[in-house]
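Novice: Fit chain V to the known structure of chain W by using the hints.
The listed protein sequences derive, respectively, from chains W and V. Per the UniProt record's numbering, the very first residue in the first sequence carries number 1; after that it's consecutive. Per the UniProt record's numbering, the very first residue in the second sequence carries number 1; after that it's consecutive.
Hints were generated in silico from the structure; no laboratory data involved. Bear in mind the structure is a predicted one, so any value in this text is a computation, not a measurement. Cβ atoms here follow ideal geometry from the backbone N, Cα and C, with glycine treated the same way. One thing to keep in mind: the hints can contain errors.
[As the list claims (entries may be wrong)] One-sided and incomplete, this derived list gives chain V residues near chain W with beta-carbon spacing under 7 Å: (1) Gly-16; (2) Gly-45; (3) Asn-46; (4) Val-49; (5) Asp-50; (6) Met-67; (7) Pro-69; (8) Phe-139; (9) Pro-141; (10) Gly-142.
Single-letter residue listing:
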Amino acid sequence: MTAAIEDAVSGLRVTRPGPLALLQDAGRFGVRRLGVTQGGPADLHAWAWANRLAGNAWGAAALEVTLGGLALEAERELTLALAGADLGATLDDAPLSPWQRFRLRPGQVLRFAQPVGGLRAYLAVAGGFRAEPVLGSLASVVREGLGGHDGHGHALAECDVLHVGTEAGEHPIGDEREAPAEARLDYTAMPRLSLLPGAQIAEFEGASLAVAFNTAWRVDDRADRMGVRLRGPTLRCRLTSMISEGLGLGAVQVPPDGQPIALLNDRQTIGGYPRLGALTPLSCARLAQCLPGQEVRLAAVSAERALADYRRFRRAFA
Amino acid sequence: MSVPGLPRLESAGLDGWLVRLFDAIDEANLPWITALVRDCEAAFGNALVDLVPSYTTLLVIFDPMRMTPDEARERLAETLAALAPDDEAATGEVHELPTWYHESVGPELPHLAERAGLDVAETIARHAEVTYRVYALGFAPGFAFMGSVDERLETPRLETPRKRVPAGSVGIAGRQTAAYPAVSPGGWNLIGRTAARLFDRDRDGFSLLRVGDRVRFVPVSKEELVRRGADVTYMEDTR
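Chain W extracted, bound-state conformation:
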């Protein structure tokens, strides 16, 4: 055992795994040139708030719970925080709303039912969940078999144990027990996703560009941590395929079928379809909370505006 986990103790035991629960720190960086994806929280906003409410610094590993279905039993006294989607969570059968800090005593059970609003909830523990980093990160990437509680990127399974630091039961410094109203996003409202125009946008037909920014796009059921396909009118680009090149977070690529795909954290590192530009990190986070069938709009944004929004967001999480 390395220093990273030698003082770790068992914190939570999985009694029912649910469809997809993954440990995520900020992501795996500096390794994309090896073909290794970024990973990290699909909803950066909710992940950051869960950590902040748990008293953690930026980057601590929290649990990303997709769709619900998960049940966890406390193995010791814990300080936890929940943020993001309302997945019908209960603490020993009493309703537990997101965007707040709470305590769990040994033997108490935290259950997630199904989505009430949004898709992904984040559970943070004081001090962060502990595991052996892989390529410098705890981010779980199922497809690559990297990271997470077991080091091999697996989603949580029954009887798995999540490890925590010995400080996990302490009361965090500061008395912020819940997130302010402006941080609690309404995931049922139709989001306007900010897109920085770029890449091959000049190669799209003018009519397609007008359509791209004036259409209510529907989130397809082909949506996961790699990317979210949007359904709507057919966009036409003069380029059909290109020599493969690096893909940034939020890149909106348009394959020959004319239906855009916004690429998220687990996207492949390179690809060869033309792109309109890239969603901002906060718009990627918002899109990651959309259920299939939900409608979204794309709105062009300037780099200045996007940078100001992002820096304001980050400065709230020292």
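Specialist: For chain V alone, kept in the frame of chain W given last:
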């Protein structure tokens, strides 16, 4: 770099610029791209988050808390103005990948031979006689896009990709060749299997191959592959 208007910087979002250096795949691109990778590491220091080199481009990801997109663009423009290509002969490690070429692990081998009007032995020889360059890594950890294969072996991807391609499978797509580091879906034409461990989390550097490296596939027997610990069981075709 003789293409008019290149190199060019294209926005790749709030935290990235794509440097477009070339407009076609060419081995002569590599010393420029490997040089730019190194120069960006020096120029961006701790504001650098990631680099993704590919055939004709380099994606530069920076930390938008440390640098604005405008500042990053200026830094890149300065770096490009001073760019000199790497010494071609000095760059890139040379690797030999022991490979068993056989229909049972490379089901498209007879098809490739037939298309090329060659016999199977000649087809194998043509694939094995070239020293390939690594142009890009992507698709999966350690998956290296290499080129260029003999033009007679050029073959488009399978119309329907396989759901499961075994680790170590060696394939051809167009004039590119590659080996799958791990079990994954895939649409390349398979011609054999290598025993090389292409991605190993316990290895310093993780990936056996890097952009700019040189690779030769060395034909070996099934027994040799087994001795090296590769899985040589017959591939079930799932499409």
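Novice: So, for every hint listed, does it hold in this structure?
Specialist: Verification of the hints:
no. : hint    : result
1   : Gly-16  : 4 Å, holds
2   : Gly-45  : 13 Å, violated
3   : Asn-46  : 11 Å, violated
4   : Val-49  : 5 Å, holds
5   : Asp-50  : 5 Å, holds
6   : Met-67  : 10 Å, violated
7   : Pro-69  : 5 Å, holds
8   : Phe-139 : 6 Å, holds
9   : Pro-141 : 5 Å, holds
10  : Gly-142 : 6 Å, holds
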